[in-house]
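*Asks:* Chains as they are written, first to last, in UniProt numbering: chain D, 1 to 320; chain E, 1 to 320.
Hints listed in this document are in silico derivations from the structure and should not be mistaken for laboratory results. Cβ atoms here follow ideal geometry from the backbone N, Cα and C, with glycine treated the same way. Each hint should be verified, as a subset may be incorrect.
[Said to hold, decoys possible] According to the in silico footprint, chain D covers these stretches of chain E (three or more CB under 8 Å from chain D):
| id | segment |
| --- | --- |
| 1 | 155-164 |
| 2 | 185-199 |
| 3 | 204-216 |
[What the hints assert, rightly or not] Here are the computed lysine-lysine pairs in the DSS-like style, where the Cα-Cα straight-line distance is at most 27 Å:
| id | chain 1 | residue 1 | chain 2 | residue 2 |
| --- | --- | --- | --- | --- |
| 4 | E | K26 | E | K186 |
| 5 | D | K195 | E | K26 |
| 6 | E | K44 | D | K195 |
| 7 | E | K305 | D | K290 |
| 8 | E | K266 | E | K290 |
| 9 | D | K305 | D | K318 |
| 10 | D | K266 | E | K195 |
| 11 | E | K186 | D | K318 |
2 protein chains.
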Amino acid sequence: MSEILDLVTVISRLLKAENILLLCHKNPDGDTIGSAAALYHVLKGLGKTVAVTCSDEIPARYDYMEIGMYDGSFEPRYIVAVDVAGIQLFGDPVSQYADRVDLCIDHHPSNGGYADAMLLDGEAAATAELLYSLFESMDVSITPLIANCLYTGLATDTGCFKFANTTAKTHLVAARLIEAGADLVKLNNILFESKSRSRLEIERIALESLEYHFDGACAIISLTKEQIERTGVEPLDLEGITSLPRMIEGVRVGITLRQQPTGSYKVSVRTEVGVDAAQICAHLGGGGHKQAAGCEILGSMENAKAALLSEVERALCKES
Amino acid sequence: MSEILDLVTVISRLLKAENILLLCHKNPDGDTIGSAAALYHVLKGLGKTVAVTCSDEIPARYDYMEIGMYDGSFEPRYIVAVDVAGIQLFGDPVSQYADRVDLCIDHHPSNGGYADAMLLDGEAAATAELLYSLFESMDVSITPLIANCLYTGLATDTGCFKFANTTAKTHLVAARLIEAGADLVKLNNILFESKSRSRLEIERIALESLEYHFDGACAIISLTKEQIERTGVEPLDLEGITSLPRMIEGVRVGITLRQQPTGSYKVSVRTEVGVDAAQICAHLGGGGHKQAAGCEILGSMENAKAALLSEVERALCKES
Chain D
1 MSEILDLVTV
11 ISRLLKAENI
21 LLLCHKNPDG
31 DTIGSAAALY
41 HVLKGLGKTV
51 AVTCSDEIPA
61 RYDYMEIGMY
71 DGSFEPRYIV
81 AVDVAGIQLF
91 GDPVSQYADR
101 VDLCIDHHPS
111 NGGYADAMLL
121 DGEAAATAEL
131 LYSLFESMDV
141 SITPLIANCL
151 YTGLATDTGC
161 FKFANTTAKT
171 HLVAARLIEA
181 GADLVKLNNI
191 LFESKSRSRL
201 EIERIALESL
211 EYHFDGACAI
221 ISLTKEQIER
231 TGVEPLDLEG
241 ITSLPRMIEG
251 VRVGITLRQQ
261 PTGSYKVSVR
271 TEVGVDAAQI
281 CAHLGGGGHK
291 QAAGCEILGS
301 MENAKAALLS
311 EVERALCKES
Chain E
1 MSEILDLVTV
11 ISRLLKAENI
21 LLLCHKNPDG
31 DTIGSAAALY
41 HVLKGLGKTV
51 AVTCSDEIPA
61 RYDYMEIGMY
71 DGSFEPRYIV
81 AVDVAGIQLF
91 GDPVSQYADR
101 VDLCIDHHPS
111 NGGYADAMLL
121 DGEAAATAEL
131 LYSLFESMDV
141 SITPLIANCL
151 YTGLATDTGC
161 FKFANTTAKT
171 HLVAARLIEA
181 GADLVKLNNI
191 LFESKSRSRL
201 EIERIALESL
211 EYHFDGACAI
221 ISLTKEQIER
231 TGVEPLDLEG
241 ITSLPRMIEG
251 VRVGITLRQQ
261 PTGSYKVSVR
271 TEVGVDAAQI
281 CAHLGGGGHK
291 QAAGCEILGS
301 MENAKAALLS
311 EVERALCKES
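Construct the complete structure from the given sequences, taking the supplied hints into account.
*Replies:* What follows is the structure, given as structure tokens:
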């Protein structure tokens, strides 16, 4: 298990460190990238040799963070994982550093404690929120660039202050970052007001397939593997579709079927409070949380739907 | 013109007032309703006789604000318009009070000054943000119910802290409202994670009609009056569609055509910075702002599109 550090100890270790390598998680999101970028700029400002690495490419929309990626030009002597809850999330080739991480800075309560030492705040909405507190304690001057990086982490991990992890502290940090020069018009535009053509095309197909059952209490969308392949939609965009059916007024159980390359159906079930998604999926060999669960069903689309609807009916009856 | 009041004067007038009627604007949104509701609860807490009125029905999703609507049971002696920028926005029957408004509390810089007196802050992201400052000066205790009402105004007028009107102050007020007990999980769910069946149906039809021009720099969606009528979509939901084409990656000019009951086409043009939407529309007899403008075109859908595309081509050439 990791040694749990307080802010003061983290600061003293960072100030002593040289040749620092910052690790992001694979399939990088705004928080792992924004947090690593912010820390990169702060450490660079302190005259350190520092770089960031990630197993997947950083999406071009994050170019404004001006991250210095690791190019092998120095031998890492102090390794910091940022927003990485477990070693399985490093991916290759970053996993080569998994057993020699000196410090992990994270906000996931599930963090396995793989690093030698850890700065963890499970209450923080984002790792960027925790980093803001660290920088405040370090008396670092937050430049507009650093503010942009931290705002990116904060805003993306909270769905722009919409998700349940958002707290008063989250908004207070957002206020400070705007005062420090975060360009929230530009950032919100890049992060939230933009959809790919393939995402819109898969949305159109999904809406096309939309069916209501049980007087509108259940909505199902279904996508065949041909449709998914034809649009060329990215995995993250496809994942986003699964929240669509539950958003509809009156819908208590929202179901998305996505046919896999193998032909089977990957099923995502989202429910309102009072209807147990995990139970619906458990009867079909899957599982998950009370409001979000999943399973995989073989056979035809019609059979998959019939099996699901019978479980949904049971769950709705139990509830009312 | 209205007498411009400071917070202290507004407080003294509200404390002296009796039989207070609060006016919302027609097609009520979260800010006019949330602000009127918050003021209603504060004044009620001070022992006042007070009620709210609006020319249109308050949508059921706002029921959690527990607003006391005006039922004629008292004769209004002090009339306050909340978030109403001009008398044309009262609608009937509320416009009967238009020439005897004692106080207008608003954040629209364009407010015409129709009321006897005015508390105006054109920098505030929402009237709810301004009201928070008023309540703070009044030393009012913000109950969770009042916090919910103000949060509703703040969050809806900023697209959940996403729009350009959001400031550090907006986030600071949001933080205070959460500390005061605003139930942001419930509210964000109601306000942002819910879509009507008719809204989804009109989105499907809009995506169906989506066309790209000029190498994807211009996207057009078009809706006939039959399609609009058939879905029974509410005006606000229909309005929401106009932001869709501009959201697409690579699109610099997003255009929405909605056929009116009379047969003409209402055109909404949204552009990225650098392309002048107002100029595109000006050539077609319309106008507006640089990034959001509109016009009305008679004739067939094909002619309307051709006229628009010729203006868009001119605007894109001018820019590049």
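*Asks:* If you draw a straight line from the CA of E/K266 to the CA of E/K290, is it 27 Å or shorter?
*Replies:* Holds, at roughly 18 Å.
*Asks:* When you check the alpha-carbon spacing of D/K305 and D/K318, does it fall within 27 Å?
*Replies:* Holds, at roughly 20 Å.
*Asks:* Would the hint linking E/K26 and E/K186 be met if the CA-CA limit is 27 Å?
*Replies:* With Cα atoms ~25 Å apart, E/K26 and E/K186 stay inside 27 Å; holds.
*Asks:* Within 27 Å, alpha carbon to alpha carbon, are E/K44 and D/K195?
*Replies:* violated, 46 Å
*Asks:* Going straight from one Cα to the other, do D/K195 and E/K26 come out at no more than 27 Å?
*Replies:* Distance of about 32 Å is beyond 27 Å: violated.
*Asks:* Holds or violated: are the alpha carbons of E/K186 and D/K318 at most 27 Å from each other?
*Replies:* OK: E/K186 and D/K318 at ~24 Å, within 27 Å.
*Asks:* Are there three or more residues in the segment 204-216 of chain E whose C-beta lies within less than 8 Å of some C-beta in chain D?
*Replies:* Answer holds; 6 residues pass the 8 Å Cβ test.
*Asks:* What's the verdict on E/K305 and D/K290, does the C-alpha distance respect the 27 Å limit or exceed it?
*Replies:* Distance of about 49 Å is beyond 27 Å: violated.
*Asks:* Just to be careful, I want the Cα atoms of D/K266 and E/K195 compared with a cutoff of 27 Å; is the pair within it?
*Replies:* This hinted pair holds, its Cα atoms lying about 25 Å apart.
*Asks:* Examine the segment 185-199 of chain E: at least three residues should have C-beta closer than 8 Å to a C-beta of chain D.
*Replies:* holds (count 8)
*Asks:* Test coverage of the segment 155-164 of chain E by chain D using CB-CB distances below 8 Å; three residues minimum.
*Replies:* Since 5 is at least three, the answer is holds.
In summary, the numbered hints that this structure violates are 5, 6 and 7.
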